[in-house]
Structures are given as structure tokens and as C-alpha cells.
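One line per chain: the protein sequences are A and B, in this order. Counting in the UniProt record's numbering, the first sequence runs from 1 upward without gaps. Counting in the UniProt record's numbering, the second sequence runs from 1 upward without gaps.
Accuracy of the hints is not assured; some may be wrong.
For identical chains, the list gives no copy identity; a pair is met inside one copy or between any two copies.
Straight-line C-alpha distance at most 20 Å; calculated SDA-like pairs for lysine to any residue [claimed, not checked]: (1) K201 with E222; (2) K161 with L66; (3) K176 with L85; (4) K206 with E222; (5) K206 with A147; (6) K234 with D198; (7) K144 with H252; (8) K206 with E259; (9) K81 with D112; (10) K216 with Q64; (11) K219 with P63; (12) K216 with N62; (13) K213 with Q228; (14) K241 with G41; (15) K161 with A59; (16) K51 with P17.
Hints are computed from structural coordinates only; laboratory data are not their basis. Since we're looking at a predicted model, the values are computed, not measured.
Number of protein chains: 2
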Amino acid sequence: MASTQAAKRQKSTKDVPYELIYWPGLPGRGEHIRLALEEAGASYTDSAQQKDGINVVLAQINPQNLGDASNPPPCAPPILKHGDLTISQTPNILLYLAPRLGLVPPTEEDEDAIYKVNQPGADGAGRALERGTRLPPSDCDGLKTEAKRKSGDYIANRLPKFLGYFERVLQGEASKGGKWLYGGNLTYADLVLFQCLDGVKFAFPKATGRIEKEGKFGKVFELHRAVQERPRIKEYLASEKRQKYSLGIYRHYPELDEE
Amino acid sequence: MASTQAAKRQKSTKDVPYELIYWPGLPGRGEHIRLALEEAGASYTDSAQQKDGINVVLAQINPQNLGDASNPPPCAPPILKHGDLTISQTPNILLYLAPRLGLVPPTEEDEDAIYKVNQPGADGAGRALERGTRLPPSDCDGLKTEAKRKSGDYIANRLPKFLGYFERVLQGEASKGGKWLYGGNLTYADLVLFQCLDGVKFAFPKATGRIEKEGKFGKVFELHRAVQERPRIKEYLASEKRQKYSLGIYRHYPELDEE
Numbered sequence: 001m002a003s004t005q006a007a008k009r010q011k012s013t014k015d016v017p018y019e020l021i022y023w024p025g026l027p028g029r030g031e032h033i034r035l036a037l038e039e040a041g042a043s044y045t046d047s048a049q050q051k052d053g054i055n056v057v058l059a060q061i062n063p064q065n066l067g068d069a070s071n072p073p074p075c076a077p078p079i080l081k082h083g084d085l086t087i088s089q090t091p092n093i094l095l096y097l098a099p100r101l102g103l104v105p106p107t108e109e110d111e112d113a114i115y116k117v118n119q120p121g122a123d124g125a126g127r128a129l130e131r132g133t134r135l136p137p138s139d140c141d142g143l144k145t146e147a148k149r150k151s152g153d154y155i156a157n158r159l160p161k162f163l164g165y166f167e168r169v170l171q172g173e174a175s176k177g178g179k180w181l182y183g184g185n186l187t188y189a190d191l192v193l194f195q196c197l198d199g200v201k202f203a204f205p206k207a208t209g210r211i212e213k214e215g216k217f218g219k220v221f222e223l224h225r226a227v228q229e230r231p232r233i234k235e236y237l238a239s240e241k242r243q244k245y246s247l248g249i250y251r252h253y254p255e256l257d258e259e
Numbered sequence: 001m002a003s004t005q006a007a008k009r010q011k012s013t014k015d016v017p018y019e020l021i022y023w024p025g026l027p028g029r030g031e032h033i034r035l036a037l038e039e040a041g042a043s044y045t046d047s048a049q050q051k052d053g054i055n056v057v058l059a060q061i062n063p064q065n066l067g068d069a070s071n072p073p074p075c076a077p078p079i080l081k082h083g084d085l086t087i088s089q090t091p092n093i094l095l096y097l098a099p100r101l102g103l104v105p106p107t108e109e110d111e112d113a114i115y116k117v118n119q120p121g122a123d124g125a126g127r128a129l130e131r132g133t134r135l136p137p138s139d140c141d142g143l144k145t146e147a148k149r150k151s152g153d154y155i156a157n158r159l160p161k162f163l164g165y166f167e168r169v170l171q172g173e174a175s176k177g178g179k180w181l182y183g184g185n186l187t188y189a190d191l192v193l194f195q196c197l198d199g200v201k202f203a204f205p206k207a208t209g210r211i212e213k214e215g216k217f218g219k220v221f222e223l224h225r226a227v228q229e230r231p232r233i234k235e236y237l238a239s240e241k242r243q244k245y246s247l248g249i250y251r252h253y254p255e256l257d258e259e
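Take the sequences, apply the hints, and build the full model.
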């Protein structure tokens with residue numbers, strides 16, 4: 001069975017680099033894809049690093065684009081092209097890449113692993129974690145108070161709720177030791193959690209600093225550090241390819257952080 | 001290859017009913033799972049139909065629940081149990097169910113179909129479509145104005161943008177005729193789109209009525225009707241098992257709809 005699967009994967013892997021298509025200028029959701037590709041040492045191109053990158057993105061999401069005979073038109077960036085395949089949606093791209101990049105246990109060893117990794121890793125919880133960080137303060141006093149109230153509520157309730165969920169996953173037996181979210185080895189879910197927490201740390205440095213010191217979610221912060229120290233990730237984060245946070249998913253407004 | 005795959009699926013399909021665990025009292029995200037199970041005529045139990053259903057949900061999301069040796073704890077309902085597997089997150093559950101229920105082309109016929117179906121079907125776009133419908137009007141005048149502004153913006157911009165996206169998918173060649181989103185046959189993506197649009201129709205009957213009449217997104221509304229007419233779906237929608245919309249994802253506030 002293993003050799004059939006391997007042969008199948010061999011056949012299905014197009015022998016060309018991956019093409020990531022994402023807005024230049026900020027890490028955004030493209031970063032979830034980049035971290036997977038970087039951790040695996042995969043060969044890829046990135047529109048964010050290309051001079052006319054923005055036009056590459058715009059051509060894909062042009063309302064005139066109807067896709068082709070085998071690919072529906074992409075919904076929004078990030079978009080991944082691989083050979084004749086074009087797909088969009090961050091969790092969907094990660095599902096495609098993970099088995100190819102060795103970032104999920106292979107089916108022949110752990111049949112339903114992809115569904116278990118995808119659960120904490122792909123979307124809902126990560127997005128929930130990031131949800132509090134897109135509230136710009138406003139000049140209008142009413143909205144400013146509202147933004148401060150919402151970020152206060154996020155820091156007090158939503159953030160610990162979701163950090164608590166991931167801490168529980170790491171405490172659970174299925175994590176096989178609590179270093180990584182599932183099965184004892186790094187999967188793409190760990191990279192997603194790293195990136196979400198990294199963005200929240202950027203947005204709310206004081207609140208996350210206080211929470212980390214309190215030690216209640218020690219395994220989650222330990223995972224963040226462990227991802228940061230992976231040799232390829234470390235090199236990537238120090239390189240020019242790692243774009244700075246900006247007015248994207250993660251925004252830092254000092255007046256919305258804790259005092 | 002086909003017979004190896006079939007043997008594998010045979011082996012991996014636990015010969016027990018699916019167990020859906022979701023809040024009783026409203027369709028919510030559980031409905032995406034129910035429609036897939038109903039369309040396939042699958043055997044399943046549903047906590048929403050059980051007398052102590054709410055406690056079944058609460059036991060799963062209890063902060064003391066650390067999962068077990070092979071399953072991380074679920075993040076939030078909907079949750080699916082199948083044999084010894086427990087998974088959560090709507091798109092993740094649909095990914096697991098779709099090949100088992102025949103709601104995505106089989107890998108041996110269309111290798112990357114799951115990623116193409118998952119793209120419009122699973123999450124991002126559907127959630128974007130529904131995003132405008134959770135804005136309760138408030139007694140506080142400032143928030144009431146804000147809710148009206150937001151729903152106005154949703155109806156004017158976001159709703160046509162995402163209806164337009166799905167219309168484009170249906171116009172594209174990969175839909176093979178434009179009745180269903182991908183490949184010429186119903187997939188779970190069509191059920192997800194049906195449910196999202198159905199909820200938006202409930203929330204904004206006047207706005208969606210006007211938009212449907214204008215005819216710009218004819219294929220999308222046609223798909224909604226076609227799903228509704230599937231024999232098993234029709235029977236299900238007419239049954240007591242189909243719960244009424246309430247204060248969940250889709251909320252109807254007449255004052256937030258068009259005049």
C-alpha cells in the first residue's frame with residue numbers, strides 16, 4: 001500500500017515550483033503558505049517579491065476571470081498555482097500542500113490525521129485568535145470608545161479563550177508530549193498557530209507579554225518559540241522575504257493595547 | 001487503482017452511523033453537515049434532536065475535555081463523531097464526509113477535485129456571504145445607526161460581490177454547464193452555497209427578492225432552487241428535523257432590510 005501511495009504521489013506532484021500569488025507589502029494570510037513552503041525548503045515563487053506583483057494578483061481576481069476548463073476562478077488571494085492547478089483559500093491551499101511538503105502524517109501511517117491536524121490548524125480557531133486585531137481606532141469619539149471596548153473585551157475574553165483551547169490541545173494525549181499540536185511532530189497546524197500568535201503579539205505586545213508571564217498558556221508560547229527556532233524558519237524570519245506587519249490582519253494601535 | 005481505493009475506503013469507513021453534535025434550537029453551522037448527510041441518505045444521529053442534546057454539546061466543549069489518545073479536543077460545534085474519530089470545524093467535517101458520501105468526484109477520476117470543490121464550497125466565500133447578517137439593531141441610538149449603516153453596506157457591496165463570485169464560478173468552464181459549481185454534478189459546495197444563500201434570503205427577504213428579480217445572478221438563484229428540489233433535500237426541508245432560523249448566524253431584523 002505504501003508503495004502505491006508513494007507512486008501516486010510521485011505521479012501527482014508536478015515537477016515545477018509552487019507559485020504563490022499574494023498582495024505585496026504585508027505578510028497577511030499569504031504568510032501561512034510561505035511558512036509551510038519555507039519550513040519544507042520547497043522551491044516557490046512569490047508575487048510579493050515580484051516587481052509587478054500587484055498586477056499578478058489583480059489579473060487573478062479580475063471579474064472577467066472565469067477560470068479555465070479544470071479550475072474555477074479563484075475567490076481571493078492567497079492563490080496557489082502548481083502546474084495546471086490553480087486554487088485559493090488559505091486552509092484549502094494548506095490542505096493541498098501539507099501532504100506534499102511532509103507537514104502532516106502520511107495517510108498510510110495515520111489514516112485520518114489530516115482531519116485532526118486541519119481542525120486546530122486550518123482556520124476557525126486561528127481566525128478567532130486573530131479576530132480582535134483589526135479594530136482601527138477612529139477620530140470619531142463614539143467609534144474610538146467602541147474600538148477600545150472591543151479590544152478590551154478581546155484581550156479579557158476571546159484571547160484567553162482561544163489560547164486556552166490550544167493549550168488544551170497541547171495538554172491532550174493526542175499531542176504525544178505537548179510540544180506540537182498533533183502526533184509528536186511538527187505539522188502545518190503548528191505553523192498556523194505560530195503565525196496567528198505572532199501577529200497578536202505584534203498587535204498587543206503589552207497584553208500578550210503580561211499573559212505570557214502569567215504562565216497559564218506556557219505550552220502555546222513555548223510552541224511559538226520552538227517554531228521560531230526551526231533552522232529554515234529562523235533563516236526566513238531574518239531575511240528580507242519576511243515582510244513587516246502593516247495595516248493588514250494584524251495592526252498595532254498602542255492605545256488599544258493594555259496600559 | 002480504482003479497486004485499491006475502493007478497498008481502502010471500505011476498510012476506513014466505520015460501519016456505524018455518523019453522530020452530529022450541535023446546539024439544538026437553530027440550524028446554524030450544523031445545517032451544512034445535515035444537508036450533506038440528508039442528500040446522501042446517510043444514517044446519522046443529531047444532538048439537536050435529542051432531549052439532553054445541549055448537555056452532549058457541553059460535555060464536548062468542556063474545558064476539562066482534553067480529547068483522547070488519538071483525537072485532539074474539539075474546538076466548537078459542529079462536532080462529528082464517527083467510530084473512534086472525533087473532529088470539529090464545519091469545513092473540516094465536510095472534507096471528511098464528502099468522499100464518503102459521494103459529494104465530491106472520486107480521487108481516481110479527478111485527482112485534485114477536492115481542492116477545487118473545497119475552494120468555493122467550504123468556507124471563506126460562504127462565510128463572507130453570511131457576514132452581514134449578524135448585526136443586531138440596538139436600543140442605543142449610536143449602535144442602531146451603525147447596524148443600519150453596516151447592513152446597508154453589506155446589501156450594496158458585499159452581498160453582490162460574493163453572489164458575483166459564485167455566478168462567475170457557475171459561468172466558468174470548470175462548472176461544465178453552470179448548474180452546479182464544479183464538474184457538472186452536485187457536490188457539497190452546492191449544498192453550502194444553498195444554505196448560505198437560504199440564510200441570507202431569510203435575513204434580508206426584500207433585498208434578496210429585489211436582487212433575484214434583477215437577474216444579474218440568475219445561475220446562483222437557480223442553484224438554490226435546484227438544491228431545494230432534490231428529492232431527499234425537499235423531504236428534509238419539509239420535515240420537523242429542519243429547525244427554524246432564530247438568533248443564530250442568520251437573523252431577520254426588518255428594520256435592517258431594504259424598504
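Here is how each hint holds up against the structure:
In this assembly of identical chains, the alpha carbons of K201 and E222 lie at most 20 Å apart only when taken from the same copy (14 Å versus 46 Å across copies). Proximity of K161 to L66 under the C-alpha cut-off of 20 Å is restricted to the inter-copy arrangement: shortest distance 15 Å between copies versus 41 Å within a copy. In this assembly of identical chains, K176 and L85 lie within 20 Å of each other by CA distance solely across copies; the values are 17 Å between and 35 Å within a copy. Taking the closest pair of Cα atoms, K206 and E222 come within 20 Å of each other only inside a single copy of the chain (18 Å); across copies the shortest separation is 52 Å, beyond that limit.
Taking identical chains as interchangeable, the C-alpha atoms of K206 and A147 lie at most 20 Å apart only when both belong to the same chain, with a minimum of 17 Å there against 31 Å between chains. For the identical chains of this complex, K234 and D198 are intra-copy neighbours only, at 14 Å inside a copy versus 47 Å across copies, given an alpha-carbon limit of 20 Å. In this homomeric assembly, K144 and H252 come within 20 Å of each other (Cα to Cα) only inside a single copy, at 15 Å, whereas the closest approach across copies is 28 Å. With identical chains, the CA atoms of K206 and E259 are at most 20 Å apart within one copy only, with a shortest distance of 7 Å there and 46 Å across copies.
Only between protomers do K81 and D112 lie at most 20 Å apart by alpha-carbon distance; the minimum there is 12 Å, versus 26 Å within a single protomer. For the homomeric pair K216 and Q64, the shortest alpha-carbon distance between copies (15 Å) is at most 20 Å, but the shortest distance inside one copy (51 Å) is not. Taking the shortest alpha-carbon separations for K219 and P63, only the inter-copy value of 16 Å comes in at or below 20 Å, while the best intra-copy value is 45 Å. In the homo-oligomer, the alpha carbons of K216 and N62 lie at most 20 Å apart only across protomers (17 Å), although the nearest pairing inside one protomer, at 46 Å, exceeds that limit.
Taking the shortest Cα distances, K213 and Q228 sit within 20 Å of each other inside one copy (19 Å), while across copies they are farther apart (54 Å). Taking the closest pair of Cα atoms, K241 and G41 come within 20 Å of each other only inside a single copy of the chain (14 Å); across copies the shortest separation is 50 Å, beyond that limit. For the identical chains of this complex, K161 and A59 are inter-copy neighbours only, at 17 Å across copies versus 40 Å inside a copy, given an alpha-carbon limit of 20 Å. For the homomeric pair K51 and P17, the shortest alpha-carbon distance inside one copy (19 Å) is at most 20 Å, but the shortest distance between copies (54 Å) is not.
Every hint from the earlier list agrees with this structure, and none is contradicted.
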